[in-house]
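Take a look at the letters that make up each chain.
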Amino acid sequence: MPLLDLGYRKWEGERTPRALRWLVVTVTGALMIWRGYWLRTILALSLSPIIFTVFGFFFFEQGLQDEESRMWVSQVARRQFGMNELAMNLMTNPEQARHEVWSLFLLTFFKQSQVYCMVIVLGLTAPRLISYDLRSRAYLLYLSRPLSPAEYLLGKASVLWFLLLAIATLPALCVYFFGVLISPTWKVMFDTWDLPLRVVAATIVLALPTSALAIFYSSMTTESRFAGFAWFATWIVGWVTYSVLTTASAIGQNSGEDIAAQFHKWQSVSPFHTLGQVQTIVFGANGYDEPYWTPIIICSAVTIGGFYMAHRRIAGMLKA
Amino acid sequence: MAIIELRGLVKRYGRNTALDNVDFSISPGITGLLGPNGSGKSTLIKSLLGLVRVDAGSGSVLGEPWPATVKAIRDRIGYLPEEDCFVAGLQGVESVQMMAELSGIPRREALRRAHEVLDYCDLGQERYRKVETYSTGMRQKLKCAQALVHDPELIILDEPTTGLDPTQREEFLQRLKTLAVKHGKSIMLSTHILHDVRQICDHVVILIGGRLRVSESLEKLSRPAKPGLHLTVVKEGERLIEVLKTRNFTAHLSDDRQSVFVEGVTADRASELWALCADQQIMLQRLEPSRNSLEQIFLDAILEVPRAAT
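Taken in order, these protein sequences are the chains called G and S. Okay, so the first sequence: first residue is 0 according to numbering that gives the first Met the number 0, each after it adds one. Okay, so the second sequence: first residue is 0 according to numbering that gives the first Met the number 0, each after it adds one.
Chain G extracted, bound-state conformation:
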């Protein structure tokens, strides 16, 4: 029993623009996810690779300071990684080499650490996003307000984009700015000004197909565990299939180039490697002559197909 019951009162105030109401879905979704202790822990842990990448920048920039160190870095690039062109650039054109190395560091940060974090974090959060709403019929509540099914999906997908921003974009930008701060000279900014933009582009490349896939799985079932299973199965089965096929194909190949060609031939079966290839293109580190349109087409198809099917499902639920 309230101490003071005002009864029903009229409300007369200025309403927020209708075109931005989907943000309410995003904010509510993000706040609900943020309540999960384990998720917050995983998000915090996903930031740890920043330290290694920043150290990489630091040692590389220190290595460029004198001839002797540069020679040592050049030898490491040639002998350990087989990057002959980069090794040569380090001695003759350090500015260009710096751009290449910084791109490689950031690409590695994206490909080798943040993608794994993305798979885990999205696997824990995305399956519930729509399947819970389907089970509890909450979509009726959302769509009885001035929201279309497309705006509802945009709001839900934005929750995932927010998480990806926290896992990938912000840490990568932090890495870049820390790298600049600990560099011996501000000149690095002029050599690497485009990298923050590439980070944003790489995030978009990561976010669109993965969120579309996650939203698709989540909208296809009222049981979030099935969606979660499908999500992890996609990545794991793709990875294992790719490994088996490339290993089998590489046996008997003579040259390193032939082996590399086999590795690129099968990347379309693995979402991880397909995404990695597109990100490699974004960071300008695409060193092979293989057709790069295939992974771009696959990512685009997954994005369009995923969102289309999810939209169809949500719109279809209203007819029931």
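Quick caveat, the hints were computed from the structure, so don't treat them as lab data. Treat each hint with caution, since some may be false.
To be verified - Quick list of in silico lysine-lysine cross-link-like pairs, DSBU-like style, CA-CA up to 35 Å:
{"hint": "1", "chain 1": "S", "residue 1": "Lys181", "chain 2": "S", "residue 2": "Lys70"}
{"hint": "2", "chain 1": "S", "residue 1": "Lys176", "chain 2": "S", "residue 2": "Lys225"}
{"hint": "3", "chain 1": "G", "residue 1": "Lys9", "chain 2": "S", "residue 2": "Lys219"}
{"hint": "4", "chain 1": "S", "residue 1": "Lys176", "chain 2": "G", "residue 2": "Lys9"}
{"hint": "5", "chain 1": "S", "residue 1": "Lys176", "chain 2": "S", "residue 2": "Lys219"}
{"hint": "6", "chain 1": "S", "residue 1": "Lys70", "chain 2": "S", "residue 2": "Lys129"}
{"hint": "7", "chain 1": "S", "residue 1": "Lys181", "chain 2": "S", "residue 2": "Lys234"}
{"hint": "8", "chain 1": "G", "residue 1": "Lys9", "chain 2": "S", "residue 2": "Lys70"}
{"hint": "9", "chain 1": "S", "residue 1": "Lys176", "chain 2": "S", "residue 2": "Lys234"}
{"hint": "10", "chain 1": "S", "residue 1": "Lys219", "chain 2": "S", "residue 2": "Lys244"}
{"hint": "11", "chain 1": "S", "residue 1": "Lys219", "chain 2": "S", "residue 2": "Lys234"}
{"hint": "12", "chain 1": "G", "residue 1": "Lys9", "chain 2": "S", "residue 2": "Lys129"}
{"hint": "13", "chain 1": "S", "residue 1": "Lys244", "chain 2": "S", "residue 2": "Lys225"}
{"hint": "14", "chain 1": "S", "residue 1": "Lys129", "chain 2": "S", "residue 2": "Lys176"}
{"hint": "15", "chain 1": "S", "residue 1": "Lys181", "chain 2": "G", "residue 2": "Lys9"}
What the hints assert, rightly or not - Covered stretches of chain G, going by a simulated chain S footprint (3 or more residues, C-beta under 8 Å):
{"hint": "16", "segment": "141–153"}
{"hint": "17", "segment": "227–234"}
Cβ coordinates follow ideal geometry from the N, Cα and C atoms, glycine included.
Since the structure of chain G is provided, determine the placement of chain S on it from the hints.
Leaving out everything else, chain S in the frame of chain G:
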């Protein structure tokens, strides 16, 4: 001015026609939407809200062209769905706040308004519990608060009293009456419970097999074709009929055999009948003017359905 005015509304699901050329208009006040299961009530409501795309039809809702501006219309409508729906993981108050925000109320104000409306809907400290732990009655109250939080001009309620105990149901209906009378809200109440309609509605719409069968004010529908008075007596019905016949009244036992129906007599002659019973020592229990019952109106509407209709 009509709150809702629709013309030629058609909605098909494949070969099945859910709404067949429905024309209807409702005025401000409380309108009861009646019909058996599968008659198209929920489809009509979903069509009004723009949740399903209609095959044909046009009109206006709250003065806005329908269905062209359905998003603007939704901002002015409060909808309480029949289905048990909730956003899992949110507290009751957060759930109402979110609905307010979706209707354009700024976040902070939405929280204040959510508390105010939850008080009005009689949801106490349970508002801080997660909605999935709510009982059916609590969920109905929560849905009511969600429907009212943005101060809509038209409130559409789909089976709102389901799951409420008799006291809560009575309070809920009174709340609706207050909203309509004191706050000028128009209410459309879709229900199977005829008692609820009789208690609060001004207007009745009956849908049968996707077609509009009745759309009339309850007052007009209740008025019988021929006036008459029902007299309920203790055991002496037959003797009363004989006495009435001697005084040139036309009387017979009513269909339910519980009372004597005196034909062609209006309420202004009640004192005459009262005096007659007193003279004859007949104990009169009840005397009331004849009215068409809503049950009868509803059954009549159903029986008019052609056999082929589904």
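These are the hints, each one checked on the structure:
For the hint pairing S:Lys181 with S:Lys70, the CA-to-CA distance comes to about 27 Å; that is within 35 Å, so the pair holds. Distance hint between S:Lys176 and S:Lys225 is fulfilled; the C-alpha atoms sit about 31 Å from each other, no more than 35 Å. The hinted pair formed by G:Lys9 and S:Lys219 meets the criterion: a straight-line CA distance of about 32 Å does not exceed 35 Å. Distance hint between S:Lys176 and G:Lys9 is fulfilled; the C-alpha atoms sit about 16 Å from each other, no more than 35 Å.
Pair hint S:Lys176 plus S:Lys219 holds up; C-alpha atoms about 20 Å apart against a cutoff of 35 Å. Taking the CA atoms of S:Lys70 and S:Lys129, the gap is near 29 Å; set against the 35 Å cutoff, the hint holds. A C-alpha spacing of about 45 Å is found between S:Lys181 and S:Lys234, which places the hinted pair above 35 Å, so the restraint is violated. Only pairs whose Cα atoms come within 35 Å are accepted, and G:Lys9 paired with S:Lys70 is accepted, the gap being roughly 21 Å.
About 39 Å separates the Cα atoms of S:Lys176 and S:Lys234, which puts this hinted pair outside 35 Å; it is violated. Straight-line distance between C-alpha atoms of S:Lys219 and S:Lys244 comes to about 30 Å, which keeps the hinted pair within the 35 Å bound. With a C-alpha separation of about 33 Å, the suggested pair S:Lys219 and S:Lys234 falls inside the 35 Å cut-off, and the hint holds. For a cut-off of 35 Å, the pair hint linking G:Lys9 to S:Lys129 stands: about 27 Å separates their Cα positions.
The suggested pairing of S:Lys244 with S:Lys225 holds, with an alpha-carbon distance near 19 Å, which does not exceed 35 Å. Our distance criterion of 35 Å between C-alpha atoms is met by S:Lys129 and S:Lys176, whose separation comes to about 30 Å. Restraint check: the Cα-Cα separation between S:Lys181 and G:Lys9 comes to about 11 Å, which is no more than 35 Å; the hinted pair holds. By the rule of at least three residues with a Cβ nearer than 8 Å to a Cβ of chain S, the coverage given for the segment 141–153 of chain G holds, with 7 such residues.
For the segment 227–234 of chain G, the stated coverage by chain S is not satisfied: 0 residues place a CB nearer than 8 Å to a CB of that chain, which falls below the threshold of 3.
Comparing the model with each earlier hint shows violations of hints 7, 9, 17; every other hint is respected.
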